[in-house]
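Peer 1: Take a look at the letters that make up each chain.
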Amino acid sequence: MGLIKKYYKKIITYSFFLLGFLSIIIIFLLHPQKTSVQTSLNYDSMESELTDISFPFIQDIPINTTNPDYLELYFGDDSINNHNYTITASQNDQTLFQHTYINEQSNIIRIPTADNNLQPNDTVTIRISCEDSCPNTQFKLYDIDQHPTLKTAQASHSADYRYYWYSVFLIVIGLTLIPFTKENKQ
Amino acid sequence: MKKKLLTISIASIVCIILSILVEVFVFNFKILTLDENNKSIPEVAYTIETQDNDTIIKFNNDNKYINKLVINYTTTETTDYSLSYDYTGTYGKEASQNNIHDKFDKSFSTSITNIDNSVSNVQIQYQTNHQLTINNISIDNDFHFNYFRTIFIFLVLLTVFFLIYFYKDGFRTEKLHIYFATICTLLGLMVIVAQPSATFYSWDDQIHFGETIDWFGGNINYNNGEYNLSNANVLDSAGRESIHSAEEKQQQIDYLNSSINHDFQKTNPPIFSFNKISYLPMAIGYNFSKLIHLPFIVCFQIGKIFNLLFYVLLISYTIKKSKIGKRLIAFVALIPINLFLASNYSYDPAVFAGITVFLVHLFNLLLDQTTKFDFKTTLIIIASMTYACFAKAIYAPFLLLTLLVPKDRFNSPKQSLLVKIGLVAITIMLSILPLFNGSASSDPRGGDTSLNDQIVLVLNHPFDYANVFEDTAIDRFSAELVGADSLTNFAYLNKISSSSNLYILLFIFLIFVFLTDNKDNNLTKKHRIALLGVVLIIIALIWTALYLSFTPVGSDTIKGVQGRYFLPLLLPLLFALQPKNIQNKINPKYYNLIIFTILALVMIFMIYKLILIPYSF
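Residue numbers (the working numbering), protein chains in the order written: chain B, 1 to 186; chain F, 1 to 617.
Just so you know, these hints were derived from the structure itself, not from any lab.
Even glycine gets a Cβ: it sits at the ideal position worked out from N, Cα and C.
Do not rely on the hints blindly, as some may be mistaken.
Just the calculated beta-carbon pair ranges, DEER-fashion [stated by the list, open to error]:
id	chain 1	residue 1	chain 2	residue 2	range
1	F	Thr74	B	Ile58	33 to 39 Å
2	F	Pro552	B	Gln94	40 to 46 Å
3	B	Gln98	F	Asp254	50 to 56 Å
4	F	Ser258	B	Leu22	44 to 50 Å
Looking at chain B on its own, in the form it has when it is part of the complex:
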């Protein structure tokens, strides 16, 4: 207890360094889990290429990663009333996923594909239909992401640099606290 009281400043300060460096290593090792791969659709990002779609909307998605855990559809509906959208994902006429969602402004639909062993060059067909007066609404599809699994994804660490900044932040906190650890010696 006495030792902790004597060295608590050093323990806390160096813990920030340790956490910072450890998290860099952990992020480096685990990072593919966090990587998402955008499909080669025209919907580049949330900021541009908003696409008003008409119903039923049918789009083939070329898979460009190995065994993705899930596909994510980013969409939004600016209309005030709620509408029911049925979203179906199928491969070779076999339904992988079907569900009805109620819109409310922006939304994300996650289609689980971990059990389907999708491979590059496979195609998944997305069908979005709407039964209740949706043609008058402004349904927009922004983007479709593919999230690869940890085991099979090809790591491209530069794509996920943002997570490293949190580690750097911890190290900066440690550096800020260092001047106080010198007080113990005085």
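Mind docking chain F on chain B? Use the hints.
Peer 2: Leaving out everything else, chain F in the frame of chain B:
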């Protein structure tokens, strides 16, 4: 101590008994004294007409009393309907017509509307192109024990008791943090009890609830779908806009409890992200109650209670530590919008509390020569600003105010220099981290937005943007900072206007506390100018950020700015402008009593009027 506990326990029991008596004999007085002519009618005889696409149901109630109108229905889709009836006005004046808009919600099978009047010519009108059958219409004039209202009355009585108890205790300034914690908790619990038990009643609470669940990697199985962050709107569909009585609120609770498979499967790995740290208290509350297998709605409410308690804890700590303006901090923290947000799924309380903790430590360092910029203070300053700014990075420039702290508060000039360099680096990192986690992007809810295009436009036409800024930001400066939209707004539930007595009372007392709680506020001109400068920079950043991300490219106005964004700026602004020369000679016992009583009154009336009557009567 034992005596205090005994007094509080006895008072609580008395309050429980009193609240039951008030519920039975005051709120149900009319029902208990109804004559035979006005008793419940289990099945009302009505006619059905069709006009164009409208279906109109009519019956004449011969000016008899209706407490609650009950419509049993079956529908495949949620359908809007309007209910109109004639009622006799005050002093027996000729009949006026009242119109109520409600919904036949497909999640439920009964619509119960509070009428509480003697009415005739009742008309129910709806349009439908799907299967909707009205099975039965009845008039319910029976006695019902409303436990939402009873708990609310109990909390009100307990608040009154504590105000009297604290007055007897001397309402001492050194115990202000305890008084604040007690009153704030009771008022926050009133919000939670009165409010409907689902999402989309506070700003983006469906997203914040989703983030809360995400903390421990949870999904909730909800009928055939799942409730998680990706699909956070599912909960809204259960009764959204169709809760207008205590019975409908109970239906919503029963529906959600039975629809949600609470022993949800963990399908996602736990996600730890620094920028979600403000959700931790809610996540702990929610998951702890889930672990002990409480029903879904109880867990949902406990998540809110934990958010409230953490807010109370941080602000109480701040009040205790502060050497200036304890009453002012308590007042601003108890402003209705702050308390409402703290009692909901929201990260705004984290931002407000984090910045307040930081500011109080900063003021102590600036004003008190005995306070040292030591290891503990540095850790608290970094932790509080990180907690606030990971939720909203725009407030990070506040941390630069630490540069004002004199060298003699440090162990040595070298230590001062190194720590200040470190704090500047942390400010920069807190400001830019959102750019790296993807949260700096345009928001499609604003319309045809584009972050890149808007930046290019502003850079190419800086004077035009200055005009837009002047027309919107400067024009709306006071309204956004201290207007009714900012101070007395309960989001999607309702708000009171700037002409309301409650708002005017609150505003007058805010100015009163600002002018009078000025003891020891010896901030120098330099401090005040720096504080004002940082506040103005943050205000400009807020408007500009929303112009870039939320406003359609090339728009002449700035969209998406809400008063709640300015709440963390209110205290620093008030401290910077507070006059030194006014002497407050009011006895602290009465001064503290008046402040807490006014705040409690405003909040209780607001909850009663805006939440309890519309949703829990």
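Peer 1: Give a verdict on every hint.
Peer 2: Do the hints match the structure? See the list:
For the pair Thr74 (chain F) and Ile58 (chain B), the beta carbons lie near 34 Å from each other, so the given range of 33 to 39 Å is met. Taking the beta carbon of each, Pro552 (chain F) and Gln94 (chain B) are about 42 Å apart, inside 40 to 46 Å as hinted. The hinted window of 50 to 56 Å between Gln98 (chain B) and Asp254 (chain F) is violated, with their beta carbons roughly 28 Å apart. Separated by about 45 Å at the C-beta atoms, Ser258 (chain F) and Leu22 (chain B) satisfy the suggested range of 44 to 50 Å.
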